[in-house]
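Undergrad: Kindly produce the complete structure, drawing on both the sequences and the hints.
Order-wise, the sequence lines are chains A and B. Going left to right, the first sequence walks through residues 1 to 435 as UniProt numbering numbers them. Going left to right, the second sequence walks through residues 1 to 435 as UniProt numbering numbers them.
Worth double-checking, as some hints may not be accurate.
Said to hold, decoys possible - Straight line, CA to CA, 25 Å or less: simulated SDA-like cross-link-like pairs of lysine to any residue:
1) K149/B - L322/A
2) K192/B - D166/B
3) K418/A - Y432/A
4) K192/B - R165/B
5) K149/B - R377/A
6) K8/B - K8/A
7) K149/B - A382/A
8) K149/A - I344/B
9) K8/A - Y31/A
10) K8/A - D43/A
11) K50/B - S374/A
12) K418/B - R303/B
13) K26/B - A64/B
14) K149/B - D43/A
These aren't lab readings, by the way, just hints derived from the structure by calculation.
Protein chains: 2
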Amino acid sequence: MGYHGEAKRFLESASVEVGDTVRIKKPDVTYEGMVLDRADDADDRHIVLKLRSGYNIGVEISDASIELLERGSAPKIELPPLEVTENPELPDISIISTGGTVASIIDYRTGAVHPAFTADDLLRANPELLDTANIRGRAVFNILSENMKPEYWVETARAVFREIRDGADGVVVAHGTDTMHYTSAALSFILKTPVPVVFTGAQRSSDRPSSDASLNIQCSVRAAASDIAEVTLCMHATMDDRTCHLHRGVRARKMHTSRRDTFRSINSLPLAEVSPHEIRVIDGNYRERSSEEPEIMDRIEERVAFIKSYPGIQPEIIEWYLEDGYRGIVVEGTGLGHCPDSLIPVLEEAQSRGVPVAMTSQCLNGRVNMNVYSTGRRLLGAGVIPCGDMLPEVAYVKMCWVLGQTDDQYEVREMMMKNMAGELQDRSSIAYFRG
Amino acid sequence: MGYHGEAKRFLESASVEVGDTVRIKKPDVTYEGMVLDRADDADDRHIVLKLRSGYNIGVEISDASIELLERGSAPKIELPPLEVTENPELPDISIISTGGTVASIIDYRTGAVHPAFTADDLLRANPELLDTANIRGRAVFNILSENMKPEYWVETARAVFREIRDGADGVVVAHGTDTMHYTSAALSFILKTPVPVVFTGAQRSSDRPSSDASLNIQCSVRAAASDIAEVTLCMHATMDDRTCHLHRGVRARKMHTSRRDTFRSINSLPLAEVSPHEIRVIDGNYRERSSEEPEIMDRIEERVAFIKSYPGIQPEIIEWYLEDGYRGIVVEGTGLGHCPDSLIPVLEEAQSRGVPVAMTSQCLNGRVNMNVYSTGRRLLGAGVIPCGDMLPEVAYVKMCWVLGQTDDQYEVREMMMKNMAGELQDRSSIAYFRG
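TA: Structure, rendered in structure tokens:
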């Protein structure tokens, strides 16, 4: 972690450490601020400062000199609350922060990134948003997205619902990228929204000059002001900092650990390409903005097992879930929706105990078809629910939600196999496979 | 399942059912054979016949008439063993059949496809292979690949080893596609081979006119006669029936449920593009054919858990694996290699009991980097082994193999983090992400 090469020597020349307040002089300009840490793979030509205004900036050091002003002991700069005048011509967009890199600061003790900013701070870092909309910011909670769980989906949905009920023309949800697609899928089922609900995040901390946070936030606010009244996910479309893709919340999946264009629509096209000033619709088949009241159906069953099938998986693991009182099982099977024959009896036992079992494919692309091979037919015979072209993660989220709505096994099956939010399509998806 | 539309009416006109032996007359030609079933999504313009010669053929019916010769009760046509003269100029290639669609027939009772052919039958259906090589065929076993398990990896490896030891210049392994990439990864670790070992399969049954089996087999034999002495996987490169990609066995993953070009190299390029008559090398950095003796290290630990992390996963499931005597755990984490904080204590407990835990990413593309965020750093602190850019499936297979080689926890860590067969590369993989 941290500075290396030129940048490290530059800091050492004045005995400066991360967290210290410094003055950096360049021929035309002088900066004062706190030195922030950088990630390992950053170049060695920049120092990142948090200015007293609250902005972060990367200062190129080739013709700069540095002076230590104050040792860094104060971990955080306190900022006054934002005071912004509303423009009645513009839509009212709420930004809800749940945590994640998009709302992160550097942890000065460990050098790692952890989430801490409130939604208010997002605005401070992106004042141009105020040209697009009146922005209200609110932090719901502040957790890393790997720690999200079903009860937080519900909390997030309720916060979004309140914003819409209170008159927001659109809602942006800032969220960590790791599990953003699980949460966007959850809200797709929990909420029926008459306005856009747009998830966004960042693959790189906003304390880094190469951060993708700013474009993602700007495009998300643009999408939240649009006519696309669905739960969507807005992130970089390419590695360039130019446009974002707006994905349906039930079709997106994080497909790269670090690239900015990590989110892809699977088995569908993105709904739109978005720049800070424009939306280009790709799939016109979306739910349009309306003046209907929002609805929320926020009962969730948390005890759903999500199991990846693999060579060597033992039926005992599924027995354990049944013994432990799990109420649903989603299998990420192989190929067209298969698992080893040895699992079939215990999956049959699950169904007979009233625990529904749904089948998806770890291929991700394409659709489950359990009529082709004998294993699939045996699974269908055992009552396993085929999930068509639904992503495994979405089927898991949907099962949690469906079991919150009904106890009736027949209804569970009906609901799992019925398209509710674009997660399940009859049309062939062969053409959507790029990679 | 089965015939529909025109084709169905055509059969019904003579009261013909699947399995019956018929005569179909066209203006220029007359066919006699058994009517085979077709899959749901087949067109309604063809009837598929198994001719008395053993070949299957799709007959276009627009100008045809049909006559019932015999009700189908005999489920299988017995064929005489192949007698082929060796050409001393050509390499000796062994084709080992493990089952799967590439070696499948139709099940006349249910209409579904199940594996039954021996490797000998592959040759019968692809006589042009004899222009490329002297072919020896052998069926090791006959199972659907969803039923593969670690002990079959070992059996397959031993069969391949015997063929090489007995003088084969290359080996093709016919395998079901569902778990082919798990088995190709396993043989990459188990075998040290001086000649090519090429896995192949089919996405569509060879009883269907649109089958991909023939091109895959031909290209695989070509690759097995090449200089690329690694364990590889050879399947369609595109949806066209023109070329195949030769993937490194530890880099391939099935990425579409039904497309012929379902296998993709992840975090690397394919090694080569292969046609029946030519190999175009893409990545020249392969192990070359040599006259060394093959080696086999075939001890495998079967009790390895492969767990996908998700919002709502409970630590109790990992406790269960520990109680049940599992000896290794591979986590398919989120993002850069994360899982919920709530799992960290039990993962720490696993390590302290001598059960190694390895971390991969469900993003598939990119690499695990657990230094960036606090969760990753806590996991590293708990002793979790980061798996770099290794695919989750490959890390699982490798853990099974590593635990078969050593009980020493330090050695396990060393071996997991050391590149052995191209599964782990230091170079950035950002460019390999197509999407």
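Undergrad: So which of the earlier hints does this model not fit?
TA: Hint check: 6, 14 fail, others pass.
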